[in-house]
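**Student:** Both chains are sitting in their own frames, so use the hints and assemble them into the complex.
Below, each chain spelled out in residue letters.
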Amino acid sequence: MTRAPVTVAPEATVAAARSAMRRGRFRHLPVVDGGELVGVVAAGDLLVAPGSPPEAAEALAGRPLTEVMSAQPVTVWPDEPVEVAARLLVDHAIGCLPVVADEGLVGILTESDLFAVLLRLLGGGEPSSRITLVLPDVPGALGRAMTVVGDLGVNLLTVVTEPGPEPGTRGVVLRAGTIDAAPVVAALVAAGFPASGPGRPGTAGRPDR
Amino acid sequence: MSGSCALAADDRLAAYDFGPGHPFQAGRLQAGLSLLRAAKVLDDGDLLAFGPAADADLELVHDRDYLAALARFSVPGAAAAAPVEAARFGLTGDNRPFPGMDRAARLVAGATVAALDAVAAGERHHVFAPVAGLHHAQRRRAVGFCLVNDVAVAIARCTRAWPLRVLYVDLDAHHGDGVQAAFYDDPRVCTVSLHETGRYLFPGTGEVHELGRPPGTGRSVNLPLEPRTGDDGFLAAFDAVVEPLAAAFRPDLLVTQNGCDGHADDPLSDLALSLRGHRDLARRLHRLAHRHCRGRWVATGGGGYDLDRVVPRAWALLWSELSGRRLPARVPAAWLATRPERARGAGWVERRRRGGAGPERPEVEERNRRTVRAVRRLALPPSVRVVYPLATRGGGSGRLPGWEPRAGRLKAPGGPLVLRDRCPASLLRRLEVDPGIHAFVRAAVQEREVLARIAEEPAGEVAVAHTPEGVVVAYVAVLEPEPGTRFASLPGLLEVGAIEVASGWRRGGVAAALLRFAVEPDPFEDLILIASGLAWHWDLDQSGLRATSYRRVLRRVFEAAGFESLHTDEPEIAYHPANLFVARVGARVPPARRTAFTSRLVRGHHPMP
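For the protein sequence lines, the chains are A and B, in the order given. For the first sequence, the numbering used here begins at 121 and goes up steadily by one. For the second sequence, the numbering used here begins at 120 and goes up steadily by one.
Hints in this document: simulated from the structure, not taken from any laboratory. All C-beta atoms in this analysis are idealised placements derived from N, C-alpha and C, irrespective of residue type, glycine included. Treat the hints with care, since some could be wrong.
Partner residues are not named here, just some residues of chain A that face chain B (Cβ under 10 Å, in silico) [said to hold, decoys possible]: (1) 122; (2) 171; (3) 247; (4) 264; (5) 274.
Each pair of labels, with its calculated beta carbon distance range [to be verified]: (6) 159(B) x 284(A): 56 to 64 Å; (7) 266(A) x 671(B): 56 to 64 Å; (8) 153(B) x 316(A): 45 to 53 Å; (9) 280(B) x 284(A): 56 to 64 Å; (10) 138(B) x 194(A): 55 to 63 Å; (11) 685(B) x 222(A): 44 to 52 Å; (12) 284(A) x 685(B): 35 to 43 Å; (13) 688(B) x 280(A): 53 to 61 Å; (14) 316(A) x 170(B): 40 to 48 Å; (15) 718(B) x 280(A): 39 to 47 Å; (16) 459(B) x 310(A): 46 to 54 Å; (17) 168(B) x 241(A): 49 to 57 Å; (18) 177(A) x 206(B): 33 to 41 Å.
Chain A regions said to be covered by chain B (calculated; three or more residues, Cβ under 8 Å) [said to hold, decoys possible]: (19) 132-141; (20) 222-235.
Isolated chain B, as found in the complex (with noise of 0.2 Å):
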């Protein structure tokens, strides 16, 4: 495998460099390779080709008369000489002009540019670009030492070359806001940054319901984390949320941002990370290349500014991860001779991950877990969610008593299909899947273990639609709600969490038939039965149709089988006007209860007309 890897990074590099006592500064790219060769990782046949960015390139993102500017002001005292009209890009205080800086910024976007190439076209399975991944330069202006955004650059050329859908995965401390902004609308790219909060850090966004614009909507993801994080907490935050994701997602491409400035040695951030932890995203994200993008993976550096004790250690074991390439036992004494500022012992990471927060960690974790909830409900399919659990569901409060399992058969236009409720877990893991079923997971195989998983659950049920031969082409789900959520603390209420019909058999009156019969015995009528659909989670895609069509499909759908549209203020539900939130109030569920749940729909702190 380490022959298919690269690092996309030469001393050319080095001419990134807003200057001596600036934090970015030629000494990064100079400490980090020089601690690769030390360390005997880095063969010159690792390293990629690649030249500057062609403006073509670059005009993919940034605006002509800014790429001017870059230009312009890259001759020494031109910035000087106008400085107001260097301001008006960015090119003042943090991204101070420097001579030459022109032709080292498009370097920079031509190695990213390269790394994505190489990937997307199969010749590399992984490629490292270190000096990259400057993920806050927007449009028309420089931010944050970031001149151009190589990253969105690179992913743009890339979705405009090849059909793939890229998942861009940002753990610098600070939010990818240029990144974001530059796909906010396009479905094929979802953005995940988890940073620190915005509220105090720069660059001030990354906030939770910053989700995307149609028809990307929901492809944008935001995890905003408390200072003092940690180790501990920051990884919670990762598992719960970027691997589900790409589950959901299904990209083909995984680029990654990994700045580590959220290093509690880096004087930038508050994240109060540690190399350990570092080291453990890297293992994290290269399987996660390998489980969902057949293992195409670039990394870029991002930012670190702690430049003797951190960035060099984690981008070796950034490309130690990556290349497959075994790091010495120790940090190579020679190295750290060079410059006394290098040792903080001669290991590679430290003895433990950091836990974060002193007295204030119950309120930093406590804040941390609403952000991940609220994110996942944002975020995550019902499906995915449950197969991605956060932590074991209630106390199996609206468990539903026992029925004898059915059969029905049901005449659909594609052929006969066998409807089945109360499946187990064992059934389902017998069954085929058609592979017309993919809304939320690549391989139908996986799809099966969705189902499987889901019936495992305490109030778990499954009913599906099968053909004779076995293979299922249509499911419904129904299981408790997920604990946090409004509707969840109510006794007798389950959730129907997912309803799908594989994409060769709709149309036929499939899900109508599926959904009735799976809520006609008996226990149901002592029940509450809920469906939310985010517009985002619908598989549009595949059905050819609009947010709103797609509404009326799915609501005519429920009301043919007993449900009724509501009207809820649920910020989730009532953040975007395709979103259909459905009820069906079971025949002999008391009228207290009934109160409760209508009582819930609308919380109401509309204010004052």
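Next up, chain A with everything else stripped away, as it sits in the complex (with noise of 0.2 Å):
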């Protein structure tokens, strides 16, 4: 989340929320009335219809945010787990949580936030290979699989598993900290678990001397 967000009063206008927005970037605005939040306008609120006259573009610059924000938004605590925040927009299909405390609103959670969690849980900020295996959904499988690729000396930066394409399957995507992945995939494969990933195991690093 952002901490401490620039937000707006209700009685400002929208051509100031637009340019609040303008300079900082941003497309998600918390409306506050002395310390207490009151609403949300988002970019999209502060916008006529593509097609529309001149005219209501400007009449719309001029009116206050009262009128096109959303009153009593959804809000999250600032302990909850990412997902519980991740629930709230998908269920409400809106793109920005303030995320409010006793002392009230202490930031806002927006989807970039959660695009952002979602990049490093899948590890793709960091060079890594990645490869996909499929395990059977019992206990221990996905031990037996990570200590495959352990032995090997490589290190797994993330580790996803979803349900699998086969009932009774669990579908697993690693990130794994190399840039020579063959030799995992055929560790995994020969262990019985079924991978692909890049490159195929050859001749790389055969000693030649």
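**Tutor:** As structure tokens, this is what we get:
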């Protein structure tokens, strides 16, 4: 989330909110009245429909935010896990959540923040190879497969599992911190775990002396 | 020419060795050098002198505490004693420390530094540094067998010492992430990486939209290609982007990373290239160096892990191309006999190019075509795309009906000018071009050819302003939008593909006057004209303006000619706030066509607020 976000007063105009968004390069603004959160405006609330006459845009620019904001927005506590926030965004089809603690508004969480979390969870931010495998959905399978990788001296950056392609299976996506993924895939396959990834086990590293 | 080439490698580099069983080991160097010697294409006089890179150079790219860690963990046993600390600097797994690695890494960087110094100073035309091109190393981390980023170090040193613009072309199967990161905001260093897509392959980056950061936006270019692309697809992508990019960027020095791990036999990737493909790429780079960089070229060896059959041959082919030394007809039998694994026929290259994919081929080709189109649109100014076309343009749907060529007069602050429209190619080839017109190509002669080629396009229209002596100081080019772009399929729509005023003639109202003149003829009232300006294509160096001020200037010029600035979510325009999109809808354009155009401006898939 963004701590201590920029806020606007309810009587501020649409034009003022637009310029605050442009300056700060963001798309969501909490509306705060005397320290209390009363609404949220998103960039889309501040636009007229494409093709509207120019007068409509001018008229909108001068209106107060109370007329366009979403009043009584859905909020979230600062100590909630990220999946709770994600579910709120999905269930309510909204793009941001003001983060509210006892003392009032402390931050704002947007879709972009969740993308950053997703990127971190899937390991897309670090140099790595992507390996996928399918495991039987039984206790211990994941552990055994990961031991195979660890025994090769390859570090795992992220491991994500989800329901697999067949009932009774789990799909796993690994981000392995190696440029040479083929031996990892080969070892997994040899241990009975169907896996795929880039490259092929071949002649890399055969001594040539 | 051969006397002016050099090889920046000797047996000392065998110290860069992660040990037996590791893909990056001393055997690479020995296999490669032994083949060059056996083929009698290497003399001792070819070897460039070099020493370990100095701290001052390495610190241009790496943090001091990382360099200290490299030294500390070079001592046997040090990493085992502090494994977590070593891992923090990436010194584990792929990059397991070995005794003396600090000095070995400094030698690799020293070779590349010496290579760039020699070429930049004009002492050598071309230098090949085979054990170099460690393109993954980060500021404070070893990555993917790369302990120091020798290429970034050498380029950083060179661009600091000389006023040079460097074009870095990375052909390794893996994205050149470390070099890209080192110059991500630097407009003097243009990095272009062709690699297997990072969807699965290490390091996972190198997407089309990694374009750089201001003021270097547009100077990081990435071509992520599909697994099983094959030679033809790879070469097509290279041709569609690298040569025109060089024409647009006007480099002074070419640095290449010629990793051969894209080869079909290489265990680390799936690009399915052949040695024939690698040889063809080397030829193209050589030609590019002479066409655009006055011959200044440093090639580095990069990755490649089939040590018996591929790497030595790939190095020999590259060295032969670069040095002009002819390889014998066959790979020397004595060299082949040393290890049976080296044989793959006695030829240097395969009999034919690799086609790449089997049954999935149409899909691979289509995806690569899409990637190439997107990259061209993002990285190449419109006029350069015209001169280096991907394919012939559409069926002339926006063809202009004829009108008599006109001439006008303009009293500009710099002197009287003649305005002309409907310029045929033959006329343009006879006019001179002011050397102050140079946004896109280095020599004014080439710029004249750009204009002539636009005039030869099916719907191409060129209007110029020239002095009474016949020197072109400004031009406006109108043409059909490039196929596959958002507005291309609309009937009766053309694009103002380029507008430029010579640097000595700017700020005198020439652009506005010429544009007004160019769109005055009556047939334009039946057409929609669009124009877009991507901030990083603009001639900011020359104009001394910031992107936003430049946008204002450009917008005023277009508005004076009846264009209107419009909002669009066309991704390349929307990508940057300083980009500009304008259109002029002719008075007789029927309402239905007008609506079809405006409905295409915003496709709108904005998430709910």
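**Student:** For every hint, state whether the structure bears it out.
**Tutor:** Quick rundown of the hints versus the structure:
no.: 1; hint: 122; verdict: violated, 17 Å
no.: 2; hint: 171; verdict: holds, 7 Å
no.: 3; hint: 247; verdict: holds, 3 Å
no.: 4; hint: 264; verdict: violated, 21 Å
no.: 5; hint: 274; verdict: holds, 6 Å
no.: 6; hint: 159(B) x 284(A): 56 to 64 Å; verdict: holds, 58 Å
no.: 7; hint: 266(A) x 671(B): 56 to 64 Å; verdict: holds, 57 Å
no.: 8; hint: 153(B) x 316(A): 45 to 53 Å; verdict: violated, 37 Å
no.: 9; hint: 280(B) x 284(A): 56 to 64 Å; verdict: holds, 57 Å
no.: 10; hint: 138(B) x 194(A): 55 to 63 Å; verdict: holds, 57 Å
no.: 11; hint: 685(B) x 222(A): 44 to 52 Å; verdict: holds, 48 Å
no.: 12; hint: 284(A) x 685(B): 35 to 43 Å; verdict: violated, 48 Å
no.: 13; hint: 688(B) x 280(A): 53 to 61 Å; verdict: violated, 32 Å
no.: 14; hint: 316(A) x 170(B): 40 to 48 Å; verdict: holds, 45 Å
no.: 15; hint: 718(B) x 280(A): 39 to 47 Å; verdict: holds, 40 Å
no.: 16; hint: 459(B) x 310(A): 46 to 54 Å; verdict: violated, 27 Å
no.: 17; hint: 168(B) x 241(A): 49 to 57 Å; verdict: holds, 50 Å
no.: 18; hint: 177(A) x 206(B): 33 to 41 Å; verdict: violated, 56 Å
no.: 19; hint: 132-141; verdict: violated (count 0)
no.: 20; hint: 222-235; verdict: violated (count 1)
The structure shown violates the earlier hints numbered 1, 4, 8, 12, 13, 16, 18, 19, 20.
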